[in-house]
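**Student:** Here's the letter readout for the chains.
2 protein chains.
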Amino acid sequence: MSEASRIPPRSGVAFELAKGERLVVIDPDGCQVSDLLAFNRHDLREVLSNGRTLDYEETIRLTTGNRLWSNRSRVLLTIEADDVGSHDFLLTPCSEHTFRHFYPDKPVHRGCFGNLAEALAPWGVEPDSIPVAFNCFMNVPVAADGKIAVLPPPSKAGDSVTFRAEEDLVIGLTACSAYASNGGSFKPIDYRIVR
Amino acid sequence: MSEASRIPPRSGVAFELAKGERLVVIDPDGCQVSDLLAFNRHDLREVLSNGRTLDYEETIRLTTGNRLWSNRSRVLLTIEADDVGSHDFLLTPCSEHTFRHFYPDKPVHRGCFGNLAEALAPWGVEPDSIPVAFNCFMNVPVAADGKIAVLPPPSKAGDSVTFRAEEDLVIGLTACSAYASNGGSFKPIDYRIVR
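Respectively, the protein sequence lines represent chains A and B. Following UniProt numbering, the numbering of the first sequence begins with 1 at its first residue and continues without gaps. Following UniProt numbering, the numbering of the second sequence begins with 1 at its first residue and continues without gaps.
No lab work stands behind these hints, which were simulated from the structure alone. Misleading hints may appear alongside valid ones.
Claimed, not checked - Derived lysine to aspartate or glutamate pairs resembling EDC-like cross-links, with alpha carbons at most 20 Å apart:
1. B:Lys147 with A:Asp145
2. B:Lys147 with A:Glu58
3. A:Lys147 with B:Glu16
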């Protein structure tokens with residue numbers, strides 16, 4: 001098994017993941033969020049779609065056995081293992097705009113959106129093409145009246161979620177930069193590719 | 001006030017809506033769904049985003065006073081009036097793929113996705129750029145465990161929802177083609193532009 005790579009706090013990476021390989025996303029310190037994107041490596045116009053995924057999986061609580069679908073109705077990733085069972089696929093990556101909106105008194109940061117845009121630029125991904133990410137470990141309860149809250153993630157130190165690539169992919173992955181999503185702390189994220 | 005235009009069952013239209021104009025979407029017979037898309041007319045890469053909208057509005061139950069945001073964190077539409085209070089912004093437009101998936105024994109239809117793609121093609125919108133639509137009148141309860149259901153819309157004959165354009169827009173609008181979303185009936189949708 002390969003050694004884990006570390007994503008420093010408030011940053012992001014991108015890399016290729018071949019069909020059949022596994023990606024293990026690890027929360028090394030606990031209570032941190034990681035935004036995950038996946039594009040078809042052979043045609044970047046095909047990308048994860050929260051709408052297709054929620055439609056086909058018939059739940060907003062995605063965990064082991066659930067699949068993450070593309071805008072072309074094909075499975076890009078399958079969740080093979082999940083220590084946490086709390087992930088979000090409703091909300092967009094934090095960005096300069098969300099910082100100004102939610103934290104008007106705090107310094108602005110480019111957020112996961114800016115980090116993903118920079119990390120994915122070498123593959124030719126345009127910022128406008130960055131959709132809703134699969135937010136590993138993010139804790140977004142939806143109340144009976146539809147109201148959304150963003151609470152600290154329940155992930156404990158060392159918890160992980162494992163994805164199997166069902167196509168050749170380009171992955172974007174962050175250590176989240178927002179205050180609310182990680183309980184006000186900025187922490188790293190580790191990941192491991194299992195070939 | 002202009003006369004209402006009719007979208008025949010299982011079809012779609014596209015048209016321009018200028019900043020400040022209102023779009024009234026009417027369910028003439030009741031219990032029908034209409035998928036709504038909005039693009040920035042001056043730069044079609046800017047489009048409705050369910051993720052940005054759910055993030056900023058902090059609810060999945062969007063109604064009067066709520067705003068529909070773009071992938072660039074700008075408001076494209078504001079909901080000014082709403083007879084129904086039941087709309088969905090989680091699920092993608094029905095398509096050939098969703099028909100094969102959910103209705104394997106029924107004839108395949110290109111669905112709202114195909115209808116939107118054809119209607120928006122004259123503006124240069126690519127099918128891959130069609131995101132999750134705002135599904136007027138669609139009834140998608142989310143259970144406490146996260147499970148999603150698609151139930152018949154509660155809209156009664158003549159019920160409507162009114163949107164104000166906050167930018168110059170290209171609108172895509174359908175009379176939904178899927179079985180589940182409209183209780184198994186295919187009906188028209190009417191709309192009116194108030195200048």
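**Student:** Could you grab the alpha-carbon distance between Lys147 of chain B and Asp145 of chain A and see if it respects the 20 Å cut-off?
**Tutor:** Cα-Cα ~15 Å, so holds.
**Student:** Would you check the hint for Lys147 of chain B and Glu58 of chain A, treating anything up to 20 Å between C-alpha atoms as holding?
**Tutor:** 6 Å, holds
**Student:** Are the Cα positions of Lys147 of chain A and Glu16 of chain B separated by 20 Å at most?
**Tutor:** 32 Å, violated
Checked against the numbered hints listed earlier, the structure breaks hint 3 alone; every other hint is satisfied.
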